[in-house]
Every structure is written in structure tokens, then in C-alpha cells.
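*Asks:* Build out the structure end to end from the sequences listed, making use of the hints.
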Amino acid sequence: MHGLINRSFESFLKITYGTSLWNDVADGAGVSRQGFEALQIYDDQVSEAVLGQAMQVLGRPRGALLEDLGIYLVSHPTTESLRRLLRFGGATFAEFLQSLDELPDRARLAVPELDLPHLDLRDNAPGSFILTSRWTFPGAGHVMVGALRTMADDYGALVLLDHVGSDGQTETISIDLLDHDFSKGRDFHLAAEL
Amino acid sequence: MSGVGGFSISNEALDCLMPMHVRVSPTGHILHAGPTLRKLRPDGGFAGARLLEMFQLRNPRSVQSISELRGCAGRRIKLQFRVPPKTGFKGALVLSEADGSLLLNLSFGISLVDAIREYDLHAADFAATDMSVELLYLIEAKSAAMDESRKLNRHLQAAKVAAEEQAFTDTLTGLKNRRAMAHILERYLAQGRAFGLMQLDLDFFKEVNDRLGHAAGDHVLQKAAEIMVAHTRTDTTLIRAGGDEFVLIFPDVTSAETLLAIAERLIATLEEPIPFGAATCKISGSIGISTVPENCRADASQLLDQVDQALYASKRAGRGCATFYTDALPIPAMPPAGRDPAPRPGV
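From first to last, the protein sequence lines are chains E and A. Anchor point for the first sequence: position 122 equals 122 in the numbering used here, and the numbering is continuous, going up by one each time. If you want the numbering used here, it's the position in the second sequence, counting the first as 1, plus 1000.
These are computed hints drawn from the structure, not numbers from a lab.
Short, incomplete list of chain E residues facing chain A, as computed with Cβ under 7 Å:
id : residue
1  : E37
2  : S81
3  : L85
4  : L109
5  : V111
6  : A191
With a straight-line Cα cutoff of 30 Å, these simulated DSBU-like cross-link-like pairs (lysine-lysine) come out:
id : chain 1 : residue 1 : chain 2 : residue 2
7  : A       : K1151     : E       : K14
8  : E       : K14       : A       : K1160
9  : A       : K1039     : A       : K1086
Backbone N, C-alpha and C fix where the C-beta goes; we use that ideal spot for every residue, glycine too.
*Replies:* This is the structure we're talking about:
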């Protein structure tokens, strides 16, 4: 697993639950309390150990914890750059959804060795989509649900999202776009400093 | 409707495909400008204006009139607004065969980053085929990745500093450092081992540094270290204690003659000119010596203080010489070469 992903999970735990919880998780998972280096590649088992330990210490199921991670990733000020990069995907939430299949390629443009979930969006009916997520790490669909819910708020769109099931490494999410202009949403300017 | 190469196309269709286009009449007046261009000049100014009064050609620079501009048909051109902000554009120009009007399509080119800072532009302001938004994405993604890379470098630098602090080796000369010296002295004293102790300061080192720079200074320090290695046995511990100060520890050597002979050889060799590029560095060495008997009860700082006193006596005696520490007073044991024997320091 790429260090950027491991470090995101680490900062999510530290910022949401505090450094002492992170220390407990790190000790239990056998990783350094110093945490992960963003530009290193780690064995998938290390990520699995940290997640398992966090679930145990927090007493939270895998799906719920990963969904919170997804929310954190696109809403917290420390990960503002990620929200901005996602907003480049489209001017509206519908366009953004259509850009999701480019996500792994976009990620690789920035960091060539970063492997992100392969996403495939299909129209079910007008305003109704099925998103499938394929990744080596089970639970990526839950991260997507949290991230998409927050991105919908960001665009000011009203959506219903559901993790409808997983089949090995493939997970399915249903997305119902009820109102693409429900609220004002958050500002997005192409220029980063504005 | 305007005919472009036999394909009839409306202004609205052009606005969709090329939101930064300009249609210009045969007389050089702007007939229509695409929505993104209009956004750059919210107070208007396009319709009816002369193209060349609004824009200045940057390439080819010689173009001053609309007829000269017509000669650029089919070519790539560069231009910029005449009124600030003087945003730059690149684009291409084609002529309509039907009525002699011109169609100019523009893009920000490399001015893109300035343009998005200057104007309130959104993804929808760029043509669907335009890579500008992808380029902005890439610029931002690369900056984020560079930030991470910088953070990693900072971590590595801090780790390197920490490792150096814990190391026993002086990275410039390869000799042991002050930390190592403390350990070795403590160990010998704890073992009750006899040893000879020598402190060597390079003379005129500061002049080399000042005259020829730090690179020359570093070179001299490395040469001095090589000389010490060449003139001592492998069981001698050679320490760069800091700057141009060296400490040498000779296990089981308590003979004054032996240590003096080594000191003389060291000073003589240090005084040989050291070439550095086209320049020549001339240094010497001042040495203080003491010996530590078996089962000595003194502590390391006392011993270092003693050789330091002996060294100071050598310096007072005119440098380039060695002095033994004695309880009473330090006396230069080896007079500076070519000088009168140093007077005994006054008591």
C-alpha cells in the first residue's frame, strides 16, 4: 500500500481520536509511532494490521471506520489539496461522477506509483447510478461512500448513497442524484490561492 | 451564419466549440467574441472595436495592419491585450473564402496560470477539448507531491543529523570525533591502562581558510589527518576534537623520547607545503604531550587540561614545536625549527 494512503489513515486517526489513540494503534499493529512516510511503499499487511487494530481499539466495524476515513479525506483542512484535486474532475456533481473512472489515471499523473481503486460508473436510470469499485484492499467502497457523500455536499448536490454489497475485491455503490443544485455548496476556484 | 471552409456554423455553435474565438470583419472590426474572451473584459469592448486596437501582435511582431494580419492566415500567432492586465494568448487565424472575414481562435497557452489568477474562470469556461483544466490539475497535483517530497527530505535530514550526533567518526577527516575520544579515555582510565596523550593544533590554519576559502581549509584538514595516519601505529586513536584541533592517544606508550620523535615527525611533515589547485597552503603544528601512568587516578578532563596547558606553552613559544606537561611548568621540549630556543615562561 502506498505511504500516502497509510499516512492518510494515520492522520485521520490522530486528528479524529488523538495522538495517544494513534500510539496505542501503532504499538498494537507493530508500526512506528512516528507513522508512515508519504512517499514510501508499504506491504498491504501493514495497512491491514493498522486498520484491524483501530477497529479493535475503537470498537467500530470496518465499514463504518472506512466511511469516516472517506469523509475525513475530502472535508478536513489538512487534506484540502485532495478535495481540490477531486473538484478538478468536473464543474457539477454529475460531471464529477462521470470523471471518477479517470481517478486512477489522474492519481498516477501526480504520483506514478500510487494505485487507487478502479471505478466504473453506469447509468441505471436518469439520476441513478451504480458505481463499482475494484481494489486489492477490501473496504475501498466504504471509503468511496464517505468521500462521495462529502463531495456531494461540496457541490451542493442532494444524493442518496448506499454500499449495496461486495463480491471479493469488487464493491458496489448505488448513487441517486435527487437534486444537483440543492444548496450553494463550497466555492471552488481553479487558482489555488484564491 | 458564417461559412468556414464550406461548413456553415452559427455564432452559438462557435461559442460552444471555441469559447475563446474572435470573428473579425474584412475591415478589421470585431464582429463577435466567444463567451470566455468576453468574460475577460466584463465592461465590453469587443463588439465593433478594431481587433488591432484591442490586441497587439507579439509574433509576428511586424504586423501593424489588418491586411498584414490576413497574411498570417493558417499560421500560429501570439498576441496580448493592449490594456492591462496584458494577458498573453496564442492561437491561429483562418480566412473565410465567402466574405473575406477572419476567424481567430485563442488559448491562454503558458499564460494560463496567470489568467486564472487574474480572472474568475471556471472549468466550464474552457472548451471540452481544451487540456487547460487538466494542466491546472497537474500543476496542483505536482505541487502537492513536491510538498510531500520536501517533507520527506526534511525528515531524512533530521534523521541524518541525529545519526551524526550519535556517530563516533568525523565525516570530513574519517578520524574519530570528540564523542569517541571521551569514550576511549574513560575506558583506558577505567582499565588502569598507561597511555600517551598528545594534543595537536594546526598553526596558520585560519590564514589558509581566510585566504583560500573553506574548500582549501577542508583539504588541509584531510591532508593533516592523512599525515597523522601515516606517522602513527594502527593502535593509536586519532581524534579530530574540533576545528583544527586533534588529539592522539597512544595506548601503552609512556616513553617521552618515542612521543617526542613522533611529534617532531608530525610537525616536520605538516610544514611541507600542501598544494591546493594553483595555490599552496603552508601550515605547521603546535603540540602538547603528556603521559598517563598505569592506574592513574586523574579523570579525563584533568588529563585533557594538562595537554592543553602543554600545547599552550608551545604556542607561546612561537608555535611549530612540542611541549611536555610537567607539574611545575610547561617547557617547550622541542624548540621551533629555525628559531632561538624559546625562553622559559616566566613564573
